[in-house]
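Undergrad: Chains A and B are the protein sequences, given in the same order. Its first residue numbered 4, the first sequence is counted upward by one per residue in the numbering used here. Its first residue numbered 23, the second sequence is counted upward by one per residue in the numbering used here.
No lab work stands behind these hints: they were computed from the structure. Take these hints with a grain of salt, some might be off.
Said to hold, decoys possible - Coverage of chain A stretches by chain B, computed from C-beta distances (three or more under 8 angstroms per stretch; other residues unrestricted): (1) 17-27; (2) 186-192.
Unchecked claim - Dumping the calculated EDC-like pairs for lysine to aspartate or glutamate here, alpha-carbon to alpha-carbon at most 16 angstroms: (3) LYS88(B) - GLU607(B); (4) LYS199(A) - GLU685(B); (5) LYS515(B) - GLU540(B); (6) LYS181(A) - ASP154(A); (7) LYS53(A) - ASP84(A); (8) LYS198(A) - ASP440(B); (9) LYS549(B) - GLU607(B); (10) LYS5(A) - ASP73(A); (11) LYS5(A) - GLU161(A); (12) LYS641(B) - ASP588(B); (13) LYS550(B) - ASP588(B); (14) LYS196(A) - GLU279(B); (15) LYS184(A) - GLU401(B); (16) LYS5(A) - ASP85(A); (17) LYS646(B) - GLU678(B); (18) LYS196(A) - GLU276(B); (19) LYS555(B) - GLU607(B); (20) LYS198(A) - GLU279(B); (21) LYS199(A) - GLU276(B); (22) LYS556(B) - GLU685(B); (23) LYS555(B) - ASP440(B); (24) LYS237(A) - GLU225(A); (25) LYS515(B) - GLU401(B); (26) LYS196(A) - ASP588(B).
Predicted, not measured: the structure shown is a model, and the values here were computed from it. Where a beta carbon is used, it is the ideal one built from N, C-alpha and C, also for glycine.
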Amino acid sequence: MKFLVCLKQVPDSTVRVKVAADGKSIATDGITWSISPYDEYAIELALEHKDGDPSTTVSVVTVGPARSRDALRQALAMGCDDATLVTAADTVGGLDVAKALAAVVKEAKPDVVLCGKQASDDDQGLVGPALAEALGWPHVGMLTKIAAVADGVELWREIEGGHEVWTAPTPVVGLVHKSAKEPRYPSLPGIMKAKKKEIPEKDLAALGVTPGAPRAEVVAMEPPPQRGGGKILKADGDVKALAAELARLLHEEAKVL
Amino acid sequence: MSPPTQGIWAIVLLVLTIAAAAVFGYRVLGLYRLLRLGRDESRVDQPWRRLRDEIVVYLGQRKLLKRPYYIRGVGHALIFWGFLVITWGSADLLLRGIVGWQLPFTDTAAYAWILDVFAVAVLVSVVVAVFRRAVLRPPRMHRVPEGYVILTLIGFLMLTLLVFESAAIAATRDELGQLLRVFPPVAAALAPLISTAAGPAIFAGAWWAHVVTILAFAVYLPRTKHLHIVTTLPNVFFRSSRPRGALQLIDDIENKETFGAANVRDFSWKQLLDGYTCTECGRCSDNCPALATGKTLDPQKIVLDIRDQLLREGPKLLADAKAETTAPAHWVATKPDELWACTTCAACVEACPVTIEHIDKIVDMRRSLTLMEGAAPPEAQRAMTNIERAGNPWGEARATRGDWAEGLGIPTFAEKPDAEYLYFVGCAASYDRRNQRVARALASILKSAGVSFAILGAAETCNGDPARRMGNEYLFQLQAQQNIETLNAAAVKKVITSCPHCFNTIANEYPQLGGNYEVVHALPLVKKLLAEKKLTLTGGAAAEIVAYHDPCYLGRHNGIYDAPRDVLDAVPGVTRAEIAPHNRERGFCCGAGGGRMWMEEKMGQRVNHRRVDQLLATKSGATKVASGCPYCLIMLEEGVGAKGVQESIKPVDVLELVAARLETS
Ligand code: SF4
Ligand code: SF4
Numbered sequence: 004m005k006f007l008v009c010l011k012q013v014p015d016s017t018v019r020v021k022v023a024a025d026g027k028s029i030a031t032d033g034i035t036w037s038i039s040p041y042d043e044y045a046i047e048l049a050l051e052h053k054d055g056d057p058s059t060t061v062s063v064v065t066v067g068p069a070r071s072r073d074a075l076r077q078a079l080a081m082g083c084d085d086a087t088l089v090t091a092a093d094t095v096g097g098l099d100v101a102k103a104l105a106a107v108v109k110e111a112k113p114d115v116v117l118c119g120k121q122a123s124d125d126d127q128g129l130v131g132p133a134l135a136e137a138l139g140w141p142h143v144g145m146l147t148k149i150a151a152v153a154d155g156v157e158l159w160r161e162i163e164g165g166h167e168v169w170t171a172p173t174p175v176v177g178l179v180h181k182s183a184k185e186p187r188y189p190s191l192p193g194i195m196k197a198k199k200k201e202i203p204e205k206d207l208a209a210l211g212v213t214p215g216a217p218r219a220e221v222v223a224m225e226p227p228p229q230r231g232g233g234k235i236l237k238a239d240g241d242v243k244a245l246a247a248e249l250a251r252l253l254h255e256e257a258k259v260l
Numbered sequence: 023m024s025p026p027t028q029g030i031w032a033i034v035l036l037v038l039t040i041a042a043a044a045v046f047g048y049r050v051l052g053l054y055r056l057l058r059l060g061r062d063e064s065r066v067d068q069p070w071r072r073l074r075d076e077i078v079v080y081l082g083q084r085k086l087l088k089r090p091y092y093i094r095g096v097g098h099a100l101i102f103w104g105f106l107v108i109t110w111g112s113a114d115l116l117l118r119g120i121v122g123w124q125l126p127f128t129d130t131a132a133y134a135w136i137l138d139v140f141a142v143a144v145l146v147s148v149v150v151a152v153f154r155r156a157v158l159r160p161p162r163m164h165r166v167p168e169g170y171v172i173l174t175l176i177g178f179l180m181l182t183l184l185v186f187e188s189a190a191i192a193a194t195r196d197e198l199g200q201l202l203r204v205f206p207p208v209a210a211a212l213a214p215l216i217s218t219a220a221g222p223a224i225f226a227g228a229w230w231a232h233v234v235t236i237l238a239f240a241v242y243l244p245r246t247k248h249l250h251i252v253t254t255l256p257n258v259f260f261r262s263s264r265p266r267g268a269l270q271l272i273d274d275i276e277n278k279e280t281f282g283a284a285n286v287r288d289f290s291w292k293q294l295l296d297g298y299t300c301t302e303c304g305r306c307s308d309n310c311p312a313l314a315t316g317k318t319l320d321p322q323k324i325v326l327d328i329r330d331q332l333l334r335e336g337p338k339l340l341a342d343a344k345a346e347t348t349a350p351a352h353w354v355a356t357k358p359d360e361l362w363a364c365t366t367c368a369a370c371v372e373a374c375p376v377t378i379e380h381i382d383k384i385v386d387m388r389r390s391l392t393l394m395e396g397a398a399p400p401e402a403q404r405a406m407t408n409i410e411r412a413g414n415p416w417g418e419a420r421a422t423r424g425d426w427a428e429g430l431g432i433p434t435f436a437e438k439p440d441a442e443y444l445y446f447v448g449c450a451a452s453y454d455r456r457n458q459r460v461a462r463a464l465a466s467i468l469k470s471a472g473v474s475f476a477i478l479g480a481a482e483t484c485n486g487d488p489a490r491r492m493g494n495e496y497l498f499q500l501q502a503q504q505n506i507e508t509l510n511a512a513a514v515k516k517v518i519t520s521c522p523h524c525f526n527t528i529a530n531e532y533p534q535l536g537g538n539y540e541v542v543h544a545l546p547l548v549k550k551l552l553a554e555k556k557l558t559l560t561g562g563a564a565a566e567i568v569a570y571h572d573p574c575y576l577g578r579h580n581g582i583y584d585a586p587r588d589v590l591d592a593v594p595g596v597t598r599a600e601i602a603p604h605n606r607e608r609g610f611c612c613g614a615g616g617g618r619m620w621m622e623e624k625m626g627q628r629v630n631h632r633r634v635d636q637l638l639a640t641k642s643g644a645t646k647v648a649s650g651c652p653y654c655l656i657m658l659e660e661g662v663g664a665k666g667v668q669e670s671i672k673p674v675d676v677l678e679l680v681a682a683r684l685e686t687s
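Whole structure, please, built from the sequences with the hints as guidance.
TA: Below, the structure is given as structure tokens:
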């Protein structure tokens, strides 16, 4: 089976994010970038297939600025076979990204396209469904497992308190929620091989995509309010009074009761 | 008396000796060829130090005479020294028997005396050793029949020696000049039991029995663990010249294709020689905190697994260089669980009488798992990813590394480029709330003593110790290079650390990558500041008993046992207690080294809980347990909490006790 995983490079989850001077974006100087966590699960899901069936191929693609190349290298180091970088400014909107990806998909002709269910930076969850729409393929979300069956794939979805199993014909777009195992740690030979691999680069124009004006705009960004220090109630014998005071505080100050 | 090898008998002896030597040589050559299957590694630097080791460790039996093995150690030393004396005599017997040459000293009365006394000492030791095996049955010693065979051979050698010596006295009792000779005491005491007439026959019989036993011993030896009497000689000579705390560098890592050890060919020849040398005494296992708390790891088994696999697969590999060796996933005996349980505490290395290097083997196999297969436990992978991305194993934000120092007036190197010392804070003291207090304590001590220092703040990154010990040499080297670049750019010459792991890595491992600094752990520095009277402590706080816990990377890995104790003793009001017998070189690990801090511990008892058990068992009345390591502090905190004794005994860092008694001016 042929997999194509679409990924996005995002600020690493360990980064302490700061709002940039313009007040509507984040300061990016000196921060660490990595593959968005759900995309990493998507890669792992595809690679698990490859572990079981060596004839499987796993390609990765991203649409983003030149630094996104590092994210593709990381995916190659994990064991993906090839990677494509579609260069585009950070500001290109989700629909245009989906169009560009659709052009790549049409060329590569995979059986299964996987995306993370959403990117961890803007959490929009737009590109995956938009890509399925642009391709006219079926799309299934919240995947945790994929198994090949006769004329298609079996897709496991996580739902509240359990899971559903769907089948779909290929080609299909799947949005990944989690993989059974944590995304693998690349082996050193994998890292070294990935360093030497060619990563072909395309731009939007070559894929026939002309970015339109963004349909949504970030107006302002603000850091969350500082967390205040907790309050400690002293127990000086009268437990009842203490409980009453706690209830009052939870009701009046914390407003949770 | 002249040897009973007149006429044809000299030829018989010659033939027997040649045959025995041939079998011995053939067997040793076979072992040598197997050894050569291993990876190349140069072990000939510092020849004088190596010769000194030979004298101290081999001839001096230094590593046998250790707590709690003094009695056994003395027993072994007696057998060994006896052996040396007797081997000289044996060589003389053979030479004289065949060609009539005599080795120096062997005809002196003094030598006869020494031989006589040693023969009895060895006999006694043999009896004790048999008693231990048969009756006392030490739990970890492999009790294979081989041990009895060897002991019987040794015992028989000593008996025959005494018999032919006394027979010689008996046979010559009427000769002129007897009265003038000084006889060895035991043989002389036995001689009256033998009649003059029977003397020559008994002499000849015992003499031949003795000589044949020597030859049998030589033939049998290469097949047994008793080969260690031969292999210890090269094994001690070729022991690692690295500081104990330094792991081996993988040189030119970017251009290598395989990493670590997945089969016998991946170990260096010295690692394989270790296998031949293991005496199966079990001392390493006796002292292993992982084994003691019910993990599957057993350091002796690691050494023997490698040896057994070499003996099993080696001949096939010799015959066909391309033959498949057992793949890592099917590593026959050693399982990943065993390897990941190691805290790299070095209790095994410390205990081993024949300088076997257990940690190197374990880390080599971890390297294969991590670097070749990406098969570290998930929590370890998470820690490594965190180091890669955030510069610390906890995955705290890189940018907030220096936040602990905010408002304390501690300059960064950028702000104070001429600072004498860099305080390399380390990940734990930078991010862990409990350990931030230790960093602040050290800062206040340094200020009080007028030491010129600065920190790197957010420019500091993990020193790489956890990554290296989890087998990720590549990540270690990236981290180390990054820090070395930062330190060199700031022209840092002297480094203070409050973490023994930072200390060990920067002092002992960074030089492998070209980072050479004068590194000092805070406790020896504080000791010096106290001695120089740059630091004065006042006795305001109440008197207390404080137990000292030896961190492995201060103690066993770097030999710093006394400085922390001296500092404790200098703190007004503090009475030091020891967690005996698990103190100093027998200190018991807290369970966090070797990257274990970030791995789950599901098997058996937790190592830190055992440590707290030991602490409580001393009933020293201690209300605090002090250490000099952030990992130990975290583990002890968790341990006393889990045992429900956090109200009666508080874990602290020695630095905190000092800082609490600084003279506030
Ligand atoms: S280093 Fe410590 S934990 Fe590891 S095998 Fe040796 S004694 Fe056991
Ligand atoms: S490795 Fe050393 S300590 Fe362990 S059993 Fe062998 S000789 Fe004894």
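Undergrad: Does each hint fit the structure? Answer for all of them.
TA: Structure-based check of all given hints:
1. 17-27: Held - the region 17-27 of chain A has 3 residues with a Cβ nearer than 8 angstroms to chain B, which meets the minimum of three.
2. 186-192: Per the Cβ count (6), the hint holds.
3. LYS88(B) - GLU607(B): holds, 9 angstroms
4. LYS199(A) - GLU685(B): violated, 61 angstroms
5. LYS515(B) - GLU540(B): holds, 6 angstroms
6. LYS181(A) - ASP154(A): violated, 24 angstroms
7. LYS53(A) - ASP84(A): Holds: LYS53(A) and ASP84(A) sit about 10 angstroms apart, inside 16 angstroms.
8. LYS198(A) - ASP440(B): violated, 40 angstroms
9. LYS549(B) - GLU607(B): Outside the cut-off at roughly 20 angstroms; violated.
10. LYS5(A) - ASP73(A): The hint is violated at about 23 angstroms.
11. LYS5(A) - GLU161(A): Distance of about 24 angstroms is beyond 16 angstroms: violated.
12. LYS641(B) - ASP588(B): violated, 22 angstroms
13. LYS550(B) - ASP588(B): holds, 10 angstroms
14. LYS196(A) - GLU279(B): holds, 10 angstroms
15. LYS184(A) - GLU401(B): holds, 12 angstroms
16. LYS5(A) - ASP85(A): holds, 12 angstroms
17. LYS646(B) - GLU678(B): Given that 16 angstroms is the threshold and the Cα spacing comes to 11 angstroms, the pair holds.
18. LYS196(A) - GLU276(B): Cα-Cα ~10 angstroms, so holds.
19. LYS555(B) - GLU607(B): The given pair, whose Cα atoms are some 30 angstroms apart, is violated under the 16 angstroms limit.
20. LYS198(A) - GLU279(B): At roughly 14 angstroms apart (the allowed maximum being 16 angstroms), GLU279(B) and LYS198(A) satisfy the hint.
21. LYS199(A) - GLU276(B): Since the Cα atoms of LYS199(A) and GLU276(B) sit roughly 12 angstroms apart, the hinted pair holds (cutoff 16 angstroms).
22. LYS556(B) - GLU685(B): holds, 11 angstroms
23. LYS555(B) - ASP440(B): violated, 24 angstroms
24. LYS237(A) - GLU225(A): violated, 36 angstroms
25. LYS515(B) - GLU401(B): Violated, because 36 angstroms separates the two Cα atoms, which is more than 16 angstroms.
26. LYS196(A) - ASP588(B): violated, 53 angstroms
Consistency note: the structure conflicts with the earlier hints numbered 4, 6, 8, 9, 10, 11, 12, 19, 23, 24, 25 and 26.
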